[in-house]
Amino acid sequence: MKPRSVAFTLVSCLAVMLYAGAVCAQIDLSGNWVVESTQDGREHASGPFPGNFAGIPLNQQGREAGWAYSGDQHEELYRQCEAWSMPYLVTGPWGGTFTAVRDHYGNVIAWHLSAPLYDRLPNTIWMDGRQAPPPQAVHTNAGFTTGHWEGDTLVAYTTHLSDSILERNGPPLSNQGTLRLFITRHGDELMMLGVIRDPVYLEAPWVKGQDFRLVLAGESNEVPEYCQPAEVVEGLSDGYHTATVLPDQIAAAQTYMLQHYGIPVLATQGGAQTMYPQFRKKLSGVYKPRTTYCTQFCCNGRGAQRLCKGID
Amino acid sequence: MSSSTRRVLPAMLGALAAAGMLWAATSLWTRAAAQAPAAPAAAPMSAEQAAPIDLKGYWVSLITQNWRFRMLVPGPGEYADIPINEKAKQFADAWKAGPDEAAGKQCEAYGAAVLMRNPEHLHIAWQDPQTLRVDTDAGMQTRLLQFKPPARAAQAQASLQGQSRARWVTPGTGFRAAAPAATDSHHGSLHVDTDHLSAGLLRKNGVPYGTDTTLTEWWDLHTEPEGDEWLSISTTVHDPEYLDGPYIYDSVFQKEHDGSEWDPEPCSLSF
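Chains as they are written, first to last, in numbering that gives the first Met the number 0: chain A, 0 to 311; chain B, 0 to 270.
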């Protein structure tokens, strides 16, 4: 082939490829995203109150497993570096870095979401149309995620999750659980709506929203905190013992919110009904607001901690 | 310039020109095809006609976040999750529900800055082709999301629900360079800016917001293969008087089949 023909062919192919790429272009999610929502600060920081599952659609099996949970189990030597499950993206305080994974032609075949800390695994959202592996394939805390675009929204669907917890006070998530994420970018804001389903422990979908903000440098740019197992709790972190939960501890967890905030067990035991406005009528006459001034975790908005200095 | 370069350069320029013509021709064809049905004399579409998503119907809020502060009346001093400043804390510390109830100000906790955050049902309908009407059963409030606000809206008086200017943001008009595909016609977001608010409460234990408060909302609709429809509203509240920074929260609603759960109840500061 003459050089002129070769050049013409190459440049024409390049032009067509660039044009096709532009037509197929989707929203660019690349960058560092940090959590911006000012909600559930207590849950994000020191964790939810013991035994408080209000607003989580647990079934009976789920709430019993939740009450029997011990946070101390994460001090067992072999569990100290265990990551939270994928739903932690919408229940936890951390964002991450989205990076496009491209093929040789520049097409995005996946979005990679980094793990800002060791307590959430990195995740890959496969966009190339591949199918999830068979159900008996390995389950992990990251799961297996496929995605597609619906307009400007990336819809990601995660399966193959391993047994874990939904929140740090113990509501469980089974290895049959799934997470569907709707990721919508509005300029420098990213809205994620997470729908968590679990036929084992949930009687309805648990839906959570979280906002993220694009930053040039943020938590996700920090050096990852590598976890090194160590003996933290004497007698428990030696690699030979396991955490136990005794009946009196379960009873204490069940009544913690009643004792401290006057919220009845009917609410804190969770269940689908506790998510809906009608449930407030069941609390009418049962719940009375405290009249004493707040004494713990009273302010946590931006810069507001100083206002409650000496209280929290 | 070498002889081989002299031979190849014109060929490259020719190829680029051909590619440019291809681009231009396709773009012109696409534009022509898109514009063909719309005769010059045709009236512009109303907001209702242009709606990329259908928000009409009944919705129920899902209280899965900040449950204690939304479902119950929090006790004094419970200010967690709101970026209040010193002035707001002083106001809230001194606030008592009794005097406000006696003064008939129960609805101050149902203003636009927080209305979508309350446990409630929504009924969304088109009041007219340019105005989306949102009614709540809790507090029996009405928001009007105006796609073509009246010219004198800028001088409007402050009110509990303020003035809301709405616009559709569809794929291709936002942050994507490429033209939207035909299948994108049923995707998009509703963007709402609200101001002209009268003072109100962000929480029923006295956390205030002032008359300079503005809010920005993104309304997104998501449908799942299982059949569930979710409406998420991402809200950012700015208040230079009582907040140290933006107050940002997400409200989630689930589509209902009908209005059988609609349960109007008056404003209350104690329930």
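Wrong hints could be hidden among the right ones.
[Claimed, not checked] For lysine-lysine, the following DSSO-like pairs were computed, each having C-alpha atoms within a straight-line distance of at most 30 Å:
1. B:K55 x A:K280
2. B:K55 x A:K287
3. B:K254 x A:K281
Read the hints as simulated data drawn from the structure, not as lab findings.
Verification of the hints:
1. B:K55 x A:K280: holds (27 Å)
2. B:K55 x A:K287: violated (36 Å)
3. B:K254 x A:K281: holds (23 Å)
Comparing the model with each earlier hint shows a violation of hint 2 alone; every other hint is respected.
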